[in-house]
Structures are given as C-alpha cells and as structure tokens.
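2 protein chains.
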Amino acid sequence: MATSLVAQEQIEPTLKKIYQTALLDGQTYPWLAHLSNQIGGRLSGSLNAQRAVEWGKEELDALGLDKVWLQPVMVPKWIRGTFEYANIETSPGNTINVPVCALGGSISTPLTGIRAEVVEVQDFEELKALGEEQVKGKIVFYNRPMQADLINTFSAYSGCVDQRFSGAEEAARMGAVGVVVRSMNLRLDDYPHTGSMSYGDLSLRERIPAAAISTNGAELLSSMLALNPKLKFYLKQNCKNLPDVQSYNVIGEITGSTYPEEIMVVGGHLDSWDLGDGSHDDGAGIVQSMEVLRIMKKINYCPKRTLRVVLYMNEENGQRGAAKYTELAQKNNENHVFALESDAGGFTPRGFSIDTTEEKLKTIQSWAPYFEPYLVHLFVKGGSGADIAPLKTADNVLAGLRPDSQRYFDFHHAANDTFDAINKRELELGAATMASMVFLMDHFKL
Amino acid sequence: MATSLVAQEQIEPTLKKIYQTALLDGQTYPWLAHLSNQIGGRLSGSLNAQRAVEWGKEELDALGLDKVWLQPVMVPKWIRGTFEYANIETSPGNTINVPVCALGGSISTPLTGIRAEVVEVQDFEELKALGEEQVKGKIVFYNRPMQADLINTFSAYSGCVDQRFSGAEEAARMGAVGVVVRSMNLRLDDYPHTGSMSYGDLSLRERIPAAAISTNGAELLSSMLALNPKLKFYLKQNCKNLPDVQSYNVIGEITGSTYPEEIMVVGGHLDSWDLGDGSHDDGAGIVQSMEVLRIMKKINYCPKRTLRVVLYMNEENGQRGAAKYTELAQKNNENHVFALESDAGGFTPRGFSIDTTEEKLKTIQSWAPYFEPYLVHLFVKGGSGADIAPLKTADNVLAGLRPDSQRYFDFHHAANDTFDAINKRELELGAATMASMVFLMDHFKL
Numbered sequence: 000m001a002t003s004l005v006a007q008e009q010i011e012p013t014l015k016k017i018y019q020t021a022l023l024d025g026q027t028y029p030w031l032a033h034l035s036n037q038i039g040g041r042l043s044g045s046l047n048a049q050r051a052v053e054w055g056k057e058e059l060d061a062l063g064l065d066k067v068w069l070q071p072v073m074v075p076k077w078i079r080g081t082f083e084y085a086n087i088e089t090s091p092g093n094t095i096n097v098p099v100c101a102l103g104g105s106i107s108t109p110l111t112g113i114r115a116e117v118v119e120v121q122d123f124e125e126l127k128a129l130g131e132e133q134v135k136g137k138i139v140f141y142n143r144p145m146q147a148d149l150i151n152t153f154s155a156y157s158g159c160v161d162q163r164f165s166g167a168e169e170a171a172r173m174g175a176v177g178v179v180v181r182s183m184n185l186r187l188d189d190y191p192h193t194g195s196m197s198y199g200d201l202s203l204r205e206r207i208p209a210a211a212i213s214t215n216g217a218e219l220l221s222s223m224l225a226l227n228p229k230l231k232f233y234l235k236q237n238c239k240n241l242p243d244v245q246s247y248n249v250i251g252e253i254t255g256s257t258y259p260e261e262i263m264v265v266g267g268h269l270d271s272w273d274l275g276d277g278s279h280d281d282g283a284g285i286v287q288s289m290e291v292l293r294i295m296k297k298i299n300y301c302p303k304r305t306l307r308v309v310l311y312m313n314e315e316n317g318q319r320g321a322a323k324y325t326e327l328a329q330k331n332n333e334n335h336v337f338a339l340e341s342d343a344g345g346f347t348p349r350g351f352s353i354d355t356t357e358e359k360l361k362t363i364q365s366w367a368p369y370f371e372p373y374l375v376h377l378f379v380k381g382g383s384g385a386d387i388a389p390l391k392t393a394d395n396v397l398a399g400l401r402p403d404s405q406r407y408f409d410f411h412h413a414a415n416d417t418f419d420a421i422n423k424r425e426l427e428l429g430a431a432t433m434a435s436m437v438f439l440m441d442h443f444k445l
Numbered sequence: 000m001a002t003s004l005v006a007q008e009q010i011e012p013t014l015k016k017i018y019q020t021a022l023l024d025g026q027t028y029p030w031l032a033h034l035s036n037q038i039g040g041r042l043s044g045s046l047n048a049q050r051a052v053e054w055g056k057e058e059l060d061a062l063g064l065d066k067v068w069l070q071p072v073m074v075p076k077w078i079r080g081t082f083e084y085a086n087i088e089t090s091p092g093n094t095i096n097v098p099v100c101a102l103g104g105s106i107s108t109p110l111t112g113i114r115a116e117v118v119e120v121q122d123f124e125e126l127k128a129l130g131e132e133q134v135k136g137k138i139v140f141y142n143r144p145m146q147a148d149l150i151n152t153f154s155a156y157s158g159c160v161d162q163r164f165s166g167a168e169e170a171a172r173m174g175a176v177g178v179v180v181r182s183m184n185l186r187l188d189d190y191p192h193t194g195s196m197s198y199g200d201l202s203l204r205e206r207i208p209a210a211a212i213s214t215n216g217a218e219l220l221s222s223m224l225a226l227n228p229k230l231k232f233y234l235k236q237n238c239k240n241l242p243d244v245q246s247y248n249v250i251g252e253i254t255g256s257t258y259p260e261e262i263m264v265v266g267g268h269l270d271s272w273d274l275g276d277g278s279h280d281d282g283a284g285i286v287q288s289m290e291v292l293r294i295m296k297k298i299n300y301c302p303k304r305t306l307r308v309v310l311y312m313n314e315e316n317g318q319r320g321a322a323k324y325t326e327l328a329q330k331n332n333e334n335h336v337f338a339l340e341s342d343a344g345g346f347t348p349r350g351f352s353i354d355t356t357e358e359k360l361k362t363i364q365s366w367a368p369y370f371e372p373y374l375v376h377l378f379v380k381g382g383s384g385a386d387i388a389p390l391k392t393a394d395n396v397l398a399g400l401r402p403d404s405q406r407y408f409d410f411h412h413a414a415n416d417t418f419d420a421i422n423k424r425e426l427e428l429g430a431a432t433m434a435s436m437v438f439l440m441d442h443f444k445l
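As they're listed, the protein sequences go chains A and B. Numbering-wise (numbering that gives the first Met the number 0), the first sequence opens with residue 0 and increments by one. Numbering-wise (numbering that gives the first Met the number 0), the second sequence opens with residue 0 and increments by one.
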C-alpha cells in the first residue's frame, strides 16, 4: 500500500533527526547542570523540591507546549536533621568511625545515641532463627551483599532491598534497639546509601532507628565482629518525620493532532534523595523526558496522540505524585495508551523493558531494526517504572528505559550521585532513544 | 547426534561458570590496580615499559601455563622531555596559557620556543586552498572536532585523526613552523590528548614541532582568532626521538589438547602513552586477555586448540611488537585460526567486530543467543585490532572486543586515563565475554 510505504520511509530519517537533535543540539546536559548544581538534592517537602517544581514549570513553559500545569499533591516530609554518626567500639575507649546515614523515614536515636552489642545476619530467616533472646537489646546488622554475578544490577538490588525496607520492622518485633544495613552498592567504598524504609504497622513507641553503613564500613564491622562478637556499636542520628506538605507534579503536553484523547506519557521523578544532587536518580530521567517534547517541537513533528511529560513528585519516599496523577487520570476518564519512564540512571541506553500484551510486545520487538544503528538492542518483557506502573490497563503499553546498569548502584541514593558522574553523550542518547520509541508508538497503531 | 547434544548442553553452563568466575573471583581489577598504580604510564622504550614486561611475565608464570616466554623486539624510544607549554598572546604582553602536550614522535621546538601567527583550518583541503603564502612562517591550527552525532565514537575518531597523524607533514610542506591539533575528545575539557604522528618522508631539517591542545583550549584559541586574526601563539616543548631500544612481547600459552597446532590468540598492548597510567588504553585489554587464560584454568577447561595470550609491545607508536610476532609466526608456519584483541577500553562489553569470511561470520552470529543473558548483542563485520590484524589469512577469524564506546575518548591518550576511570564490573564483564567467545571458538569447529 502506497501510503504505508511512504510512512515507512519516514521512519528512518525521523529517527536520525531525533538522534542528531539530541547529540548536536541537545538540552539535557545544560538542564541537568542547572537542576543538579544550581538546585541540588530535592527530597519531597524540602525547599529544593519546591525550587525544582518552579524550575520545571518555567522550562516547560519556555518550550511553547500546548498546556503546562502543576498538579497539587500532599507529600511526606522527612528531614535528616543535623547529625548522623556511628562508631565501632572495639575495646573500651577505642573506637573507629564508620560512615553511616539515616534511612529515609527512620526515627531519631535518643539525643545521646544508642550503644549496643551487634548481631550480624544475612536475612530475616537467620534473624528469626536466632530467637528473641539473642536479638533483644541489640543492634541488628544486615550484611547481605548484592549478588555480583547477576548481570542486571537491578536484580541484585531487588534481592537485597528487603533488608533496607523492612529490616527495622522485623528487628523491632524481636526487641532490637536499632538497625544498621549494608549499603545497596556493588562496589566497596565509603559512601552510605540511603533509601526508603517502613515500620509497617508498628506503633510509634515500637519503632527503632535505622541507618545504612557504607560497604567498606560493613566489611570492617563484620571483620571486627569476627574478632570480638561482644563489641559495641554506637549510632546517633536526629532525623525526623514532619507533617505532610503541599507539593506538585509538573505536567506539560503537546495536544494530539488526530487522537487528542489518546495520551502518551513520558516521565521521571523530580524529587531525589538529599545526600547527592540526584543527577542519575532521577535528574537524568527528568531532563530526558522534557527533551522528548523539546525534540518533537524542534524537528516539527506533531504527534497524532497527546504527548505529555510528567515530572512526578515523591517517587522516593511515598509515590504520592504517581498516586495523585493516576487518581485524577481515572477520575477524568483519561485514556493512557502508552507511558514511558526513565528512572534507571543517565547511562548508555540499552533498550526498554516493556509491560503489555504478548501481541503488542511482539510488535514492538519487530521495531528492533530501527534501533540497530543506535546500538539499542533490548526489548524485553518486564516492569516499567514506579511512577507509571499504576497506569496499567488490560492492553496499554508501559515501558521503562533500560540504560546500562553496571555503574548505577555506585551512585544510587548516595552523596556521590552528582553531576560529574554524568556523561553528556550517554544522557543525550537516552533522551533520543525515548523520543524514538515515542515516535514509533505514535506512528504505528498498536 | 548424541555427542553433539551433550556438547550443546555444556555450552550454557560453561558460559555461566565463566561469567561467575570473572565476577565473583576475578583477577582483572587487582591486576590492573598494580599495572596502573604501581607501574603507571609505560611508553615503549621507557623504564616503566620494562617493568610492565617483567610484571606481565611474572604474573603469567604464576598462572601455571604450559609455556611463558618473552619475544624480543626493538622499539622506538621517544621522550616527552622536561617541559611543554603554550600560550596565546592576545595583545603585546598579554598571554593566556593553554593546555598542550607534544604529539608522540614530534620534534622539539627551539629552546626558546616558537612564537608565530596562527592559521586555523578544518582539514587538509582547506589548508591547501590557502596556498603557501598564507601558511609560510605560521603555526597551523587544525580544529576539526569529532563528529558528535556518530553513535560509534571510533567512527568519529577515524574522521579526525588524520589531523593528528599527518597534520605536521602537510603543514611543513607548505612552510608552516609548527602545528597545534585539537584533541581527539568529544568532551569539552582541559586535557590535551597525545597520540602518534608521522613526518612521512620529510627530512630531519624539514620537520616542524606538533602538539595537541585541549578541546577547551581549542575553543578558546578559535574564539580569540575570530577577534584578532593576527594574534601570536607560543609553543615550547623539548621532546626527543632516541635510538631504538630492546623490548619484548610477553607471551603465555595453554597448549591445545587435541589440535595443538591450531592457535587462538587473545591479546592487548602492554605499552601505553605516558600522560596517564593507560588504564583504559590498554591496561584493560592486557588484564582481560590474561584473565581469559586464568578463567580457563580456574574452571578446568582444557582447550582443544592452543590458547595463547600475547601482551604486545609498542602498539601506540610503531606496532613493532605486532610486526615481530607476525614475522615469527610466519617463519614458524604457525596456524592462527583465531585472534581476539581488546583495545577499546574497559567499559561494558557490547559485543565483537569480526573480520572473517561471510560464512564464518554467519556462524558466529548464530551464537548470539548464548550471549543474550549477558546483554552482549553486537556481532558485526568490522576490524579486529591493530596488533592482531597482520595475522589475517583467507579464512581465519579475527575479532575485536567492542565495549560501550561513549566515554572512551574522554580518556584516550590523556592524563585522565587512570585507574579511577575503571569500573570493576565492566572490566570483569569484558574478560568474561572474551573468554566466552574463545570457548565457543574452541568448542565449535569453524
């Protein structure tokens, strides 16, 4: 069919234009330089998060989209406080400082800190096997490392993160006084990695403080425990949960020329942890998502479907932005045919993990040759992203950009997740790869 | 056929063991830590190059291979000298220093340096169009940047490196007094990148000094020239070519159990430039090649064919090691059925570029599913490596490991090519990917 052939012939030149625009005339790198270096870490509820909202809105306004708006959402506010500190007392009066940071959502220690013996475990099973008498009054040290022989480092993360998320709850139920968790990091270094945790349904007075220790710190503590199982660990932190505050998802859209009621979302999360400046998690995803719309304008591509960028608030410790966006989408009967999230770092894009029907997955996989010149090969069945996952329907397409994952957990949730860890070309290639997928989704009727 | 089925069934578990050994019990990272941090930059003919030869031999000896030997080869010796310095004189008495480094093989300036007007060109065509009268007595500034929209950065490098390699020769023929070349770097930064250059058949007295300028320096010089085309550039360097000296290729082998006369080579180059410590170029390739043999021993795999590791000397400025190895291989009627080089950095492996017959290429491409779990997808026709290319015959297989190339030219031949730019997992994955390909080449009869 002639029309279809003409349409086919537009695909390769359009993808080429998309990549050229990203690499020769891109905006991701200067955008991220601003977000990372001029604003910085932007935990939900913080002043920086509010500055990021204002910056996001201003930049989207400047793109000349059809609509830009803020979507109000109440978010949790947790603050790290003014100190966090730990040491290992190897013998009375002899201590070694170790790098720790409070886990997000943790309570404070008493003002004078806690000093207690340590019980080291690999997992909850081992903890439970110990029995209450061996745990009571002690600090539980979860030291299960990420599994280094898993090629996808996110699988290694999934296999460990229960220690961080539920470690305090499990330990508190057995009478522990605190929890120290080995950082989710495949590398041995001195950065403690924070992240979300939950006390489940524990009452306020049952809760115990939880901190992450750097991987080097964890190795040291473990060796010291082997020498002296009675050593004491000292932890002091004064983080705090405060009442919820007002924040916003930042949204912009190019209204579809032919099917305006069919919505395609690209997005990432605007909040970050507070230790670094959140360049990889998820500043990269934010500027790449914004870049998708900028590129479409730049190459004069008018999407047939509505293309919406969503800068989600509060992915890290609550996912309230995602919940609010989904709630309103459902209330307004919006039809999300496609959503794509970038929240796995600004590294060289390898492809996509895709959550849809088998049939649609096969169709998308048939597009692989279009991506071959850009060295993008992965089109696998899998999860999409924490912010867009709630948009799932029986037959829409959700996808996550899958960058190279080897370095991601070197930086994830740690003080070294900063702009210098970003490579400009890798960031730009990610944006172009997202824009190409959006173009193909818009071009073909799935 | 039953045997073949059994054989097939061994493939996946063997690949898994290879990757596990590299990632859980690898030697690449500590080896490279030594080569980079305890030895450092190792330009051919230097004391460090000799130390690297001794280290390589010792480490191969310790692996318990069937044979380890040094293969003598005479190599060129060029030294950077005691200073290299440049500035832009924007008006009489006002200067701005810019980062430069001598190109490898360049002659010195006079002791007092050279100060001359600058003519900026993009390529040799533009230079020739200017005519001798506009070039005579001036410094030629080659400022053609690497093309940022090429996805494979090696293609961008190929498109620029003529400026560095032959720029001095071309400019000297037109009466220029010196040459400054924009660094082969896709990033804007302050590192000048050295590399090899040639004067062709110019006589000693016709030669002119050649230096690289950092990309930021090149941008500055170009802007300054736009403001004042008469500005003067000052260059001073006292590098020197010395007589050839004795050096060595370092070679080790596991003799084939069934077809000992069929040789498979893995290798990289042991020499590096002198500015950094050569971690990516090509310390990574060296330790990955050594690791291939170590892994085979570790997993108790006895190759049917002879597996040889060659640590080539003098790839950077002469390729004398490669020439010597090839000369002796031919003289001894050795049958090299396969050779694999790693000389493109220690980044995440993406696959291989393969130089062989169409039929064998197709067979190798049919192995792609074995590499899928390791996220290795590229099996493309292309060049192999500078050291192994001379081993080509009508029907053998030459291949180059192809790591992700986005960051490579940030470091290539510059002072920041150091151990901290290496990611342990990426390095290990490269070694495992090489070992897997060697295993498959040995397992199947091509």
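Since the hints were made in silico from the structure, they are not lab data. Owing to the predicted nature of the structure, the values given are computational and were not obtained by experimental measurement. Where a beta carbon is used, it is the ideal one built from N, C-alpha and C, also for glycine. Treat each hint with caution, since some may be false.
As the list claims (entries may be wrong) - Covered, in the sense of this in silico footprint (three residues per stretch, anywhere, with C-beta under 8 Å from a C-beta of chain A), are these stretches of chain B:
no., stretch
1, 16-27
2, 414-425
As the list claims (entries may be wrong) - Simulated restraints on C-beta separations:
no., chain 1, residue 1, chain 2, residue 2, range
3, B, 356, A, 23, 48 to 54 Å
4, A, 24, B, 227, 35 to 41 Å
5, B, 382, A, 94, 56 to 62 Å
6, B, 12, A, 332, 50 to 56 Å
7, A, 124, B, 15, 54 to 60 Å
8, A, 24, B, 124, 54 to 60 Å
9, B, 227, A, 371, 32 to 38 Å
10, B, 78, A, 94, 26 to 32 Å
Claimed, not checked - Computed list of lysine to aspartate or glutamate pairs in EDC-like fashion (alpha-carbon distance at most 16 Å, straight line):
no., chain 1, residue 1, chain 2, residue 2
11, A, 303, A, 371
12, B, 15, A, 65
13, B, 359, B, 326
14, A, 380, B, 371
15, A, 296, A, 60
16, A, 15, B, 125
17, B, 231, B, 148
18, A, 137, A, 60
19, A, 361, A, 333
20, A, 359, A, 394
21, A, 16, B, 148
22, B, 444, B, 148
23, A, 303, A, 60
24, B, 444, B, 371
25, B, 16, A, 148
26, B, 137, B, 65
27, A, 231, A, 60
28, B, 380, A, 261
Hints, verified against the model:
Using a Cβ-Cβ cut-off of 8 Å, 4 residues of the stretch 16-27 of chain B lie near chain A, which meets the minimum of three, so the contact claim holds. For the stretch 414-425 of chain B, the proposed coverage by chain A is satisfied: 4 residues have a C-beta within less than 8 Å of a C-beta in that chain, meeting the threshold of three. A C-beta distance of roughly 38 Å is found between residue 356(B) and residue 23(A), which places it outside the suggested range of 48 to 54 Å. At roughly 29 Å, the beta-carbon separation of residue 24(A) and residue 227(B) lies outside the given 35 to 41 Å, and the hint is violated.
Taking the beta carbon of each, residue 382(B) and residue 94(A) are about 58 Å apart, inside 56 to 62 Å as hinted. A beta carbon spacing of about 53 Å between residue 12(B) and residue 332(A) agrees with the range 50 to 56 Å that was offered as a hint. At about 26 Å, the beta-carbon gap between residue 124(A) and residue 15(B) misses the expected band of 54 to 60 Å. At roughly 26 Å, the beta carbons of residue 24(A) and residue 124(B) sit outside the given window of 54 to 60 Å.
One distance hint, 32 to 38 Å for the beta-carbon pair residue 227(B) and residue 371(A), is violated here, with the actual separation near 48 Å. Roughly 51 Å separates the CB atoms of residue 78(B) and residue 94(A), a value that falls outside the hinted 26 to 32 Å. For the hint pairing residue 303(A) with residue 371(A), the CA-to-CA distance comes to about 25 Å; that exceeds 16 Å, so the pair is violated. At most 16 Å may separate the alpha-carbon atoms for a hinted pair to count; residue 15(B) and residue 65(A) exceed this at roughly 52 Å.
The hinted pair formed by residue 359(B) and residue 326(B) fails the criterion: a straight-line CA distance of about 26 Å is larger than 16 Å. Between residue 380(A) and residue 371(B) the CA atoms are separated by roughly 14 Å; this keeps the pair inside 16 Å, and the hint holds. For the suggested pair residue 296(A) and residue 60(A), the alpha carbons sit about 13 Å apart, so the restraint of at most 16 Å is met. Annotation: proposed proximity of residue 15(A) to residue 125(B) is violated, straight-line Cα distance about 29 Å (limit 16 Å).
Between residue 231(B) and residue 148(B) the alpha-carbon distance is near 33 Å, which puts this suggested pair outside the 16 Å criterion. In summary, the hint linking residue 137(A) to residue 60(A) is not supported, as the alpha carbons are separated by about 54 Å, beyond the 16 Å threshold. Taking the CA atoms of residue 361(A) and residue 333(A), the gap is about 26 Å. The hint is violated against a cut of 16 Å. Between residue 359(A) and residue 394(A) the alpha-carbon distance is near 8 Å, which keeps this suggested pair within the 16 Å criterion.
Distance check on the hinted pair: residue 16(A) and residue 148(B) sit about 10 Å apart at the alpha-carbon level, within 16 Å; holds. Restraint check: the Cα-Cα separation between residue 444(B) and residue 148(B) comes to about 40 Å, which exceeds 16 Å; the hinted pair is violated. At roughly 21 Å between alpha-carbon atoms, residue 303(A) and residue 60(A) are farther apart than 16 Å, so this suggested pair is violated. Among the hinted pairs, residue 444(B) with residue 371(B) is inconsistent with the structure: their alpha-carbon atoms are about 22 Å apart, more than 16 Å.
The hinted pair formed by residue 16(B) and residue 148(A) meets the criterion: a straight-line CA distance of about 10 Å does not exceed 16 Å. This hinted pair does not check out: residue 137(B) and residue 65(B) have alpha carbons roughly 58 Å apart, beyond 16 Å. Distance hint between residue 231(A) and residue 60(A) is unfulfilled; the C-alpha atoms sit about 55 Å from each other, more than 16 Å. Only pairs whose Cα atoms come within 16 Å are accepted, and residue 380(B) paired with residue 261(A) is rejected, the gap being roughly 42 Å.
When held up to the earlier numbered hints, the structure conflicts with 3, 4, 7, 8, 9, 10, 11, 12, 13, 16, 17, 18, 19, 22, 23, 24, 26, 27, 28 and fits the remainder.
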